[in-house]
Amino acid sequence: MPQTSQSSQSPPIPRTPPAARRISLLVTLILGSLTATPPLAMDMYLPALPEVTRSLGAPAATVQLTLTACLAGMALGQIVVGPMSDKWGRRRPLLAGLAVYVVATALCAVAPNVELLVAFRLVQGLAGAAGIVISRAVVRDLYDGVAMARFFSTLMLISGVAPVVAPLIGGQILRVTDWRGVFVVLVVVGVVLGVVVWARLPETLPVEERHAGGVGDTLRAMRGLLADRAFTGYMLVGGFAFASLFAYVAASPFVMQEIYGASAQTFSLLFGLNSIGLVVVGQINGKILVGRARLDRVLGLGLVIVIAAATVLLLMSLDVFGEVGLGPVAAVLFVLMSAMGISLPNTQALALMRVKTSAGSASALLGTSSFLIGAVASPLVGIAGEDTAVPMAVVQLVAAVVALGFLVTLCRRPSAGGGLAGPGAGGGAGGGAGESEGKGADN
Numbered sequence: 001m002p003q004t005s006q007s008s009q010s011p012p013i014p015r016t017p018p019a020a021r022r023i024s025l026l027v028t029l030i031l032g033s034l035t036a037t038p039p040l041a042m043d044m045y046l047p048a049l050p051e052v053t054r055s056l057g058a059p060a061a062t063v064q065l066t067l068t069a070c071l072a073g074m075a076l077g078q079i080v081v082g083p084m085s086d087k088w089g090r091r092r093p094l095l096a097g098l099a100v101y102v103v104a105t106a107l108c109a110v111a112p113n114v115e116l117l118v119a120f121r122l123v124q125g126l127a128g129a130a131g132i133v134i135s136r137a138v139v140r141d142l143y144d145g146v147a148m149a150r151f152f153s154t155l156m157l158i159s160g161v162a163p164v165v166a167p168l169i170g171g172q173i174l175r176v177t178d179w180r181g182v183f184v185v186l187v188v189v190g191v192v193l194g195v196v197v198w199a200r201l202p203e204t205l206p207v208e209e210r211h212a213g214g215v216g217d218t219l220r221a222m223r224g225l226l227a228d229r230a231f232t233g234y235m236l237v238g239g240f241a242f243a244s245l246f247a248y249v250a251a252s253p254f255v256m257q258e259i260y261g262a263s264a265q266t267f268s269l270l271f272g273l274n275s276i277g278l279v280v281v282g283q284i285n286g287k288i289l290v291g292r293a294r295l296d297r298v299l300g301l302g303l304v305i306v307i308a309a310a311t312v313l314l315l316m317s318l319d320v321f322g323e324v325g326l327g328p329v330a331a332v333l334f335v336l337m338s339a340m341g342i343s344l345p346n347t348q349a350l351a352l353m354r355v356k357t358s359a360g361s362a363s364a365l366l367g368t369s370s371f372l373i374g375a376v377a378s379p380l381v382g383i384a385g386e387d388t389a390v391p392m393a394v395v396q397l398v399a400a401v402v403a404l405g406f407l408v409t410l411c412r413r414p415s416a417g418g419g420l421a422g423p424g425a426g427g428g429a430g431g432g433a434g435e436s437e438g439k440g441a442d443n
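Numbering (my numbering), first residue to last: 1 to 443.
Fair warning: there could be bad hints in the mix.
[Claimed, not checked] When the alpha-carbon atoms are kept at most 20 angstroms apart in a straight line, the in silico EDC-like pairs for lysine to aspartate or glutamate are as follows:
hint: 1; residue 1: K87; residue 2: E203
hint: 2; residue 1: K87; residue 2: E208
hint: 3; residue 1: K87; residue 2: D217
hint: 4; residue 1: K87; residue 2: E209
[Claimed, not checked] Per label pair, the in silico range of CB-to-CB distance:
hint: 5; residue 1: Q172; residue 2: L95; range: 28 to 36 angstroms
hint: 6; residue 1: S55; residue 2: L95; range: 29 to 37 angstroms
hint: 7; residue 1: V207; residue 2: V103; range: 28 to 36 angstroms
hint: 8; residue 1: A61; residue 2: L273; range: 43 to 51 angstroms
Simulated from the structure, these hints should not be mistaken for lab results. Cβ atoms here follow ideal geometry from the backbone N, Cα and C, with glycine treated the same way.
Make a model of the complete structure from these sequences and hints.
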């Protein structure tokens, strides 16, 4: 198991004993399922967006607010649940969040109008945030440095199954019922996950390592995290990378189905293929790149690929290459989404390497920034209506360029050789992170 070296200026921090820090396959699957909560809630519903528009008599831009509300809820929920898990442990806030998630999802299934659907999706996102933020905090409880980056890639493999199968399941559900049936299935999934978490997920934050303070201490901890330039930089990089991803999630059902004529089932298949690309590249990142190349440089490469793909997509949308069909557009989106597989896990790992304590608060800040920025980006793709892919391409391109800009400016450290701060850069908020494991990625 990873061992964290301590400098003379950093007193030893009590950690969970190594025997207790070994993560079983079942717990790994549980954590992966928790991180899959957002793609399940979002992607299974995507093929139904055009039908929701017709069923509730609402314009596409208004229906897309059901995505924005869910994203905003996940953002705000994380900033609350993260500190709660630092104070009361990981299990209790997680179980409470899953219970509320099930109730809110059931209400979505019976929503009589789009306004109530938006409201229930907001609550669904607030509650579903528990699975996202606490799963990251559990990983930080147990791992440091390169080992943490590799485990995040493993989680991406597990949670990545959700974006592959969720739209396919959603498309098949629409064959036998309407969009409300999608939420019924999500209720069943939430109940099963809650039972498994209650029965098999252990507590990973010992009582002696919990924060006894109130709101003031939580705010001070977050202020300390944000005072670390590199942590804030990686947080913003991750946020804008997610914005590019969420622009695709919000716009692709309309772009592929309404503009390029794909059926709900064809869209589900293409969406699943893109998710497979993200997962496969994520595994290449975890198994091959991590430990052999500096994580920040791999992250930068991923963002450059996203920028290139978004640029080509924008030119296609403007008919610079003449009229193109679904095939070329799907191919470019596949490249763009696959590049996320080396961008997203490395952003999270690099940020959390800066943290020794307050992992829940740090995870909350990372998740909140990502989902808030994504929630702002999502409705922008519907500004020009359903007849053009230009807004989607523009949002993806601008978000990726901004992310790369933050990586170059805020995450750069002064050194004789220049370059960006690698995972072994040493202390950050809370006193540095994972030096011994992190140095392997600087080779």
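| query | Which hint numbers does the structure go against, in order from smallest to largest? | reply | 8
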